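Going down the list, the sequences are from chains A and B. In terms of this note's numbering, the first sequence has 397 at position 401, counting the first letter as 1, and numbering is strictly consecutive. In terms of this note's numbering, the second sequence has 60 at position 65, counting the first letter as 1, and numbering is strictly consecutive.
Just so you know, the hints here were simulated from the structure itself, not pulled from any lab data. In this text the structure is predicted, and so the values were computed from the model without any measurement. You may find that some hints are simply not true.
Examples of chain B residues toward chain A, derived with CB under 8 angstroms [stated by the list, open to error]:
id, residue
1, V49
2, Y52
3, A94
4, T97
5, I101
6, T123
7, G124
8, T140
9, Y142
10, G147
11, E149
12, P232
List of simulated lysine to any residue pairs, SDA-like, C-alpha gap at most 25 angstroms [claimed, not checked]:
id, chain 1, residue 1, chain 2, residue 2
13, B, K154, A, V69
14, A, K374, A, S350
15, A, K243, A, Q186
16, B, K7, A, F267
Ideal Cβ positions, reconstructed from N, Cα and C, are used throughout, including at glycine.
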Amino acid sequence: MINKKLDRKADIQILDGNHAAALGAKLSRVQVIAAYPITPQSPVTESLSEFVEGGDLHAEYIAVESEHSAMAVCTSASLVGARTFTATSSHGLAYMHEMLHWVAGTRLPVVLACVNRAIGAPWNVQNDQQDSISQRDTGWIQIYARNNQEILDSVIQAYKIAESVYVPVMVCYDGYILSHTEMPVDVPSQGDVDRFLPPYKPHAILDPANPRNYNLVTLANPRVNADGILCHGYMEIRYLLQEALQKSRETIINVGQEFGKLFARSYANMFWEDRLDDAEIVIVAMGSLAMEATVAVDMLREEGHRVGVLSLRVFRPFPKDYLIEALSKARLIVVFDKNISYGSEGATCSEIKSALYGNRINAVIRNFIVGLGGRDVKAREIADAVRKSLPSLEEGGPNIEYPEWICHM
Amino acid sequence: MRKVYTRPRLLKKVPFHYCPGCGHSIIHRLMTELIDEMHLEDRIIGIPPPGCSVFAYHYFDVDMAESAHGRGAAVATGIKRAFPEAIVFTYQGDGDLAAIGTAETIHAANRGERITAIFINNAVYGMTGGQMAPTTLSQQVTTTTPYGRDTGIEGYPIKMSEIVALVKGAVYIERTAVNSPANIRKTKKAIRKGFQAQIDNLGFSLIEILSPCPTNWRMNPLESWQWIDNEMIKEFPLGVIKDITGKTDAD
Ligand SMILES: Cc1ncc(C[n+]2csc(CCOP(=O)(O)OP(=O)(O)O)c2C)c(N)n1
Ligand code: SF4
Ligand SMILES: [Mg+2]
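Please model the complete structure; the sequences and the hints are all you need to start from.
Put into structure tokens, the structure is as follows:
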């Protein structure tokens, strides 16, 4: 039972996104941190090392030689029962790719902050979401923050989610736009976070007193092991990971609700809604772009268009069934993606399309690729894209299969 | 009047983005002079890294292909094997070569790849904001070792050149510095030898250059030159670490 009495009311601090993430990890009492610097994540590693070396956080901080090793360290530390954290961006996340699969496959509750940055070649250190979107099939839960408060809150919730369903969680936030932009953040007290997030109790750990083996060679079919026990085949293990992600939707909502009760900021949702009640046009966006879209909605509403924003908070597991209700009145859905699945379309657009399939929602979907490599996305441009899409609302209006790009091509 | 000194022909006429007192600019200058003097202009291909020198292509008027972080020696290998007439060098920071790129460096050396690694050791990850690198000195304050590097938990300054010297395919390894006119001249000579080992088809060469990073060391340029003398050289002694090229010193 959660003790609802709060330690103190509000402690508003002016924090950039990286410090909000680092503080979230500190308040979660992480025990092992392994990280390698990369722009724009580096300040996360710097503040955490400051916490550890200054004695404010009792954790092992390991300055490893690469992200691949960072995730390998987190994996094994988690295996012996430690709460682990790392942060990275872009090439760093790509370099971790093998270990991302490994962590999810081992069902370890590692939490990673991904500071979204474009990926090379060519080199670019600015923001888009191609890095984390490219990791969507590794079996990690992915949460996207719209602002720095959500970064801090999501890191804390991430541990509770991960440690309940044994699936690792990636908390993603936009490089520079959030990572290096300061805004007021209500920082919960350690006591309150402790009330919300009990110490990690691993379901199974490496313990010499009780020998176990992990990550064994697993053939396609179930097999009897050396002790005569029938063990899952590879496919069953994969099925269970998929099940865990599917079921995690309830956990994510429950954890968000519980967080809301304690801290008066509810996350009992998979996505955020802005003026969807009467909206026949819905803008879909993810991360800080959703905030910009809100401004575009103000402009479009003034012109008399019934527009709202659906901002995806959880991208994996994708909240298909939850979305249907929110989109049921939509006639035009304009999806903005800061990523591209080459040869197809923006990743969130594909997801929205598949969510609508078979649900008798007869909306036209238009997809715009925006903001790659830090290209600024202005509210005006979002509004223009929506205006440009309006003819699709008319009988026989255009239904464009492939995404349109807001760029100079 | 006789002109005795001029801007190197292969150094593009653009201002450096490097901080005042940064060693990268000195090394760029030396290398472009050498490429010209050794008539390598039409054969040379450089592999710059992510790091402060990610913009090297902006200054060197020669062919360059950027590498992902740490992949320099492998990228150079691909070029050299497919295009053996080329003279291929990597230009790598200590983070790039001695952290994330350790494996490819050692293995390229072990295969005796005919490439030359120019290894800029400034004891920090410069570009990302001065975090601890494997080469960071004991007790050195960086943004991830705010109370100084504690070798008990953070390890010791790694001596990559000495490590690579153990590998059979490495033929020429020297450590120099760019913190005084004399050392700068020695650095140029060392790079010349590195290139020569490649031209003579002998094997892998590596020139480690201790290079000031006044910005992240929180020093002025003069202090950072002194710091190399007083601190860095103690940990990373200058001189030829390995030479099995069979060449005698020209001077
Ligand atoms: C896989 C990956 N991880 C991290 C980075 C971020 N990064 C870019 S350069 C660099 C290190 C720079 O230090 P160094 O190689 O010593 O070069 P310097 O800037 O000091 O010259 C890092 C960590 C990256 N580009 N790719
Ligand atoms: S940060 Fe250091 S290495 Fe980078 S340009 Fe400045 S002085 Fe040179
Ligand atoms: Mg360096």
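Inset, instruction - Under 8 angstroms, Cβ to Cβ, is where G147 of chain B needs to be relative to chain A, so tell me if that hint holds or is violated. - result: violated (12 angstroms)
Inset, instruction - Report holds or violated for the interface hint on I101 of chain B, using the least CB-CB distance to chain A and a cut-off of 8 angstroms. - result: violated (13 angstroms)
Legend entry - Hinted contact T123 of chain B with chain A - closest CB pair below 8 angstroms: This interface hint holds because 4 angstroms falls under the 8 angstroms limit.
Inset, instruction - For the hint on T140 of chain B, just tell me whether its beta-carbon gets within less than 8 angstroms of chain A. - result: holds (7 angstroms)
Legend entry - Given hint V49 of chain B near chain A, where the shortest CB pair must fall under 8 angstroms: V49 of chain B check passes; min Cβ-Cβ to chain A is 6 angstroms, inside 8 angstroms.
Legend entry - When the least beta-carbon distance from T97 of chain B to chain A is tested against 8 angstroms, hint result: holds (7 angstroms)
Inset, instruction - Return the status of the interface hint for Y52 of chain B: holds when the least beta-carbon distance to chain A is below 8 angstroms, violated otherwise. - result: Because about 11 angstroms separates Y52 of chain B from the closest Cβ in chain A, which is outside the 8 angstroms limit, the hint is violated.
Legend entry - Restraint outcome when Y142 of chain B is required to lie within 8 angstroms of chain A by C-beta distance: Since the shortest Cβ distance to chain A is 5 angstroms, the answer is holds.
Legend entry - Proposed proximity, V69 of chain A with K154 of chain B (alpha carbon, max 25 angstroms): Distance of about 24 angstroms is within 25 angstroms: holds.
Inset, instruction - Using Cβ atoms only, decide whether E149 of chain B comes closer than 8 angstroms to chain A, and label the hint accordingly. - result: With a closest approach of 6 angstroms, the E149 of chain B hint holds.
Inset, instruction - Sort out whether F267 of chain A lies within 25 angstroms of K7 of chain B, counting only the CA atoms. - result: violated (51 angstroms)
Inset, instruction - Mind checking the CB of G124 of chain B against every CB in chain A and telling me if the closest is under 8 angstroms? - result: holds (5 angstroms)
Checked against the numbered hints above, the structure violates hints 2, 5, 10, 12, 14, 15, 16; every other hint is satisfied.
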